[in-house]
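K.L.:
Residue numbers (the numbering used here), protein chains in the order written: chain A, 1 to 256; chain B, 1 to 636; chain C, 1 to 219.
Check each hint, because a few of them may be wrong.
[To be verified] Using 27 Å as the maximum straight-line C-alpha spacing, the simulated BS3-like pairs for lysine-lysine come out as follows:
| # | chain 1 | residue 1 | chain 2 | residue 2 |
| --- | --- | --- | --- | --- |
| 1 | C | Lys-86 | A | Lys-126 |
| 2 | A | Lys-19 | C | Lys-86 |
| 3 | C | Lys-86 | A | Lys-174 |
None of these hints come from the bench; they were simulated from the model.
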Amino acid sequence: MSGTNLNLKLKVWRQASPKSVGAFVDYQVSVSPDSSFLEMLDEINNNLEKNNQDPIVFESDCREGICGTCGLVINGQPHGPIPRIATCQLHMRNFKDGETIYVEPFRATAFPVIKDLAVDRSAFDKIIQAGGYISVNTGGVPDANEIPISKEIAAEAFDSAACIGCGACVAACKNSSAMLFVGAKVSQFALLPQGQPEREKRVEAMIAKMDELGFGACSNTYACEAECPKGISVKNIARLNREFVKAKLKSQNVEA
Amino acid sequence: MSTLDSKIPAGPIESKWTNHKFNLKLVNPANKRKYDIIVVGTGLAGASAAASLGELGYNVKAFSFHDSPRRAHSIAAQGGINAAKNYQNDGDSIFRLFYDTVKGGDFRAREANVYRLAEVSNNIIDQCVAQGVPFAREYGGLLDNRSFGGAQVSRTFYARGQTGQQLLLGAYSALSRQIHAGTVKMYSRREMLDLVVIDGLARGIVVRNLITGEIEKYSAHAVVLATGGYSNVFFLSTNAMNSNATAIWRAHKRGAFFANPCYTQIHPTCLPVHGDNQSKLTLMSESLRNDGRVWVSKIKGDTRKAKDIPETDRDYYLERKYPSFGNLTPRDIASRNAKEVCDEGRGVNGGHGVFLDFSDAINRLGQKAIEEKYGNLFEIYETITGENPYQVPMKIYPAPHYTMGGLWVDYNLMSSVNGLFVLGEANFSDHGANRLGASALMQGLADGYFVIPYTLGNYLATNKFSSVSVDQDEFKKDEQGVNDLVKRLLSIKGKRTVDDFHKTLGRIMWNKVGMARNEKGLKEAISEIKELREEFWKDVNVVGSDKDLNQTLERAGRVADYLELGELMASDALHRNESCGGHFREEYQTEEGEAKRDDENYRYAAAWEFQEAGKWDLHKEQLEFEYVKLSQRSYK
Amino acid sequence: MGWFSRFINSSIGKKFFMGLTGVLLMLFLIMHLIGNLTLFIGEKAFTNYAGTLETLRPIVRVIEVILASIFIIHIYSGIRLWWENKKANPKQYAVNAKSKESSIFSRTTVFTGSIVFIFLVVHLQTFWYPNNFEETGKSLYQIVTGSFANPVYSLFYVLAMILLGFHLNHGFQSAFQTFGWNHKKYFPFIQKVGTIYAILMAAGFASLPIYFLISRGGM
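Just chain A, with the same shape it has in the complex (with noise of 0.2 Å):
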């Protein structure tokens, strides 16, 4: 399993406020293959400390690609260059001996950098506040089984839900765009029937948001999918467009 260490160059992106001027700063790195990357970063953290130093900023919880907390641009592609992991899942046997590492915030002008590689990603929860929820309170609601739903509807659903919302697609597109994950939300509710009621003005209200606070337009380069950790589908900014374009024709509101 192990081998032996790898050494390595990383170029890791400092940044000491939202507003100052970041750079990158070299660290030289002994680390073993089986480590994982943030692993790997935290053993540099360590060392910082130990001589004083702030050590890098970066965020993660789980570890387990579940949260959607980290999210690094390692040598120009969000999470890596393994496919459908998120950062805390790559390891280093990845890496060749000698290679050097270049490591980033997401960049998006949604997603402003806090310090080092951490981003503030709020504007995800804002869009999911101005419509991507069914509106049920707490109890009186029906039995689970009252409206079946067919183990493909269903399964369907489900893949746009396993959205973790990382905000990889933001980082990856050249434009910045936010339509995987609002997809995702979208399209999550418009295949269940549970979702029918405000099938229009949720997706109304979620593109408005989107729009508002500065993410791009998708110009269907599919970068999203590539880089997105669970695999989320282009089918469903496909289904976004539909969704958005018949509910704009279609409904009675005339303010959104």
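Could you slot chains B and C onto chain A? The hints should help.
P.N.:
Chains B and C in isolation, oriented as in the chain A frame:
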């Protein structure tokens, strides 16, 4: 020593909750918005509570140290959520779910709470489906169920291997809706650092804004904590990096009793530690034990590769010792046995790991069938270890996973501090000494959606509240305390890093307060932790400033709390002279090596009152078992 | 703002009109190419075709205005989206890994579109303007073949057509995606049709200058 009033309603168990709900006082709809409620933590329990309270019209302030409520560690639960729907027609019922949970908890949970949990379990599933949670379905369009450890019925609802995620996103969407409606104000990236108690009532909290470093004060009529468990006291656990005990620990220091801290669950199927720089342990779903066979070599220090160890040299120890349950024994038993064989030096390469072998299942069912069942898990395993489990057996080892202990609460989920309510894993109430699989999600949502909206209303309706302002002395004093603590941590400027202390503590906890405990080890642990704590306050090095995002400072505060909590866990384990569920004292075992309870002397919840670090008073809540007869668990 | 203006100014609205005008332009290209291919049949066929258009002049004028509007909307939306998208993503990564994430056709639409636009201006100036507004004394056939005899012009023409192919290869399937018609069964087929269409258009248009350059230019 005093006894505690659990406020269990009178009457037969089936009607306790119904009657209680009727007897609870209500708050007039027009008055609800005059009440401020603080909810700390926005995982399953916190988000569902904040959303439900907001829907009722209360003025809710929700706090999370994450950037978004959607990140809470509830999201990582894989397996599923139990409910007594009996959709499968296999004999399930509320009573059976109640029975299984009490028995699974090794008779150390409060019957009335567990019954209520089973009772509202069905509402949870209805609620989640209505929110658009895409549970797995049958071809006919109805909900699918699977079976889980500790039960003989199929009552687990699931959404592939991401049930926790889907349920959390459901609660998160309900919460988002209330944020939009303005009934809930969300304060993210805030860490609670103190509870403010005024005239004996919980009236507010002091938090640190993790981005600006500012210490902020918030007042309310009641405070709800839903901040999860404390497995990270072990440093290496399956919990998220930031999961911590600080909120409940600071509340504990303000008067909330801590119950059964020694009840920790060690999950048997996690990936073994690979090196010194490992940051956390990854859990592999328990379902793997349905088809995988657990074995080690019969020879100590055997360094041969798995394929080179002949059948005659293999010890399928679970199948050997528990012929009827085999590889499917409950979590605590499977974990303890893995530790035992590894301690004998028979682990993989003589180290800490056992084989989980699928070759028989692959030969019997074909690789395709195994791929369909576990493909996703096998991929995760390969991503992390670089080994293909279709070809070589997996290596697994137990890891701290869940803490059954937590702040003591009465039937209304109120702690020993009036007006402080505790939900989900942060409280101690429902799982006794061992939690069954797929019950954590159930409890979090039961507390948040269906219990707290009723019991909190009663508290507000039956108490008189003086008006408070964050500018009054009690708030200022606590704010000063927090400021002093932050300054003190930054001023030590010692030589050892925060992680170094945390790892050292983790090793003590794992070796002496882990899967198997004994008097000598526990006593050693207590004195070692005391020493380590002293050293921490002399020699820790917290770099950076308190004026911006400083993750080292955040961790330092948490580790300072673990250094006190760890000692309480060891003390609790030492005082409990019996074995039960996740608490296994080597001195108290049956001839076959199973946990031996002492119902006569220890049939109580131990609730500890904080005096000072290292000094606690014990309060007991005697547990009565009227509906589930006390018996010894047997899985032979 | 009314609902309609909010719709067309929304991110998806802009994309929608980009796609809609793109599809109309693609239909126009087919017509245009069919007409052009009469050049291969000979001068008479081409002149007949040009003459028919001439007799329908009032209708053609209307169509030209519509066509121009479509072009303008397409180009305006393109520029606006480019500008807004740039604002949304102002900073590049140190390592360019885009080729691992997306196709070159999809990333270069702004570039290929710009070249096609320049081509369009030149194209109108060489053929359409003299034919309609100047007394050159030459027939359209003479103008066309004369231009194609110029190697520089022909080379530019061919290059522009290749880039037009790139543009169309992305644009065709992209329009379907934008309209929301991405279906598991049909979309791979649409993508193939798009590629075939792009190749046919590029090859079809480019074949003319190549043919005339070789046959008339003496190469």
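K.L.:
Against each hint, give a clear statement of whether it holds in the structure.
P.N.:
The hints, checked one at a time:
1. Lys-86/C to Lys-126/A: Since the Cα atoms of Lys-86/C and Lys-126/A sit roughly 22 Å apart, the hinted pair holds (cutoff 27 Å).
2. Lys-19/A to Lys-86/C: 20 Å, holds
3. Lys-86/C to Lys-174/A: At roughly 8 Å apart (the allowed maximum being 27 Å), Lys-174/A and Lys-86/C satisfy the hint.
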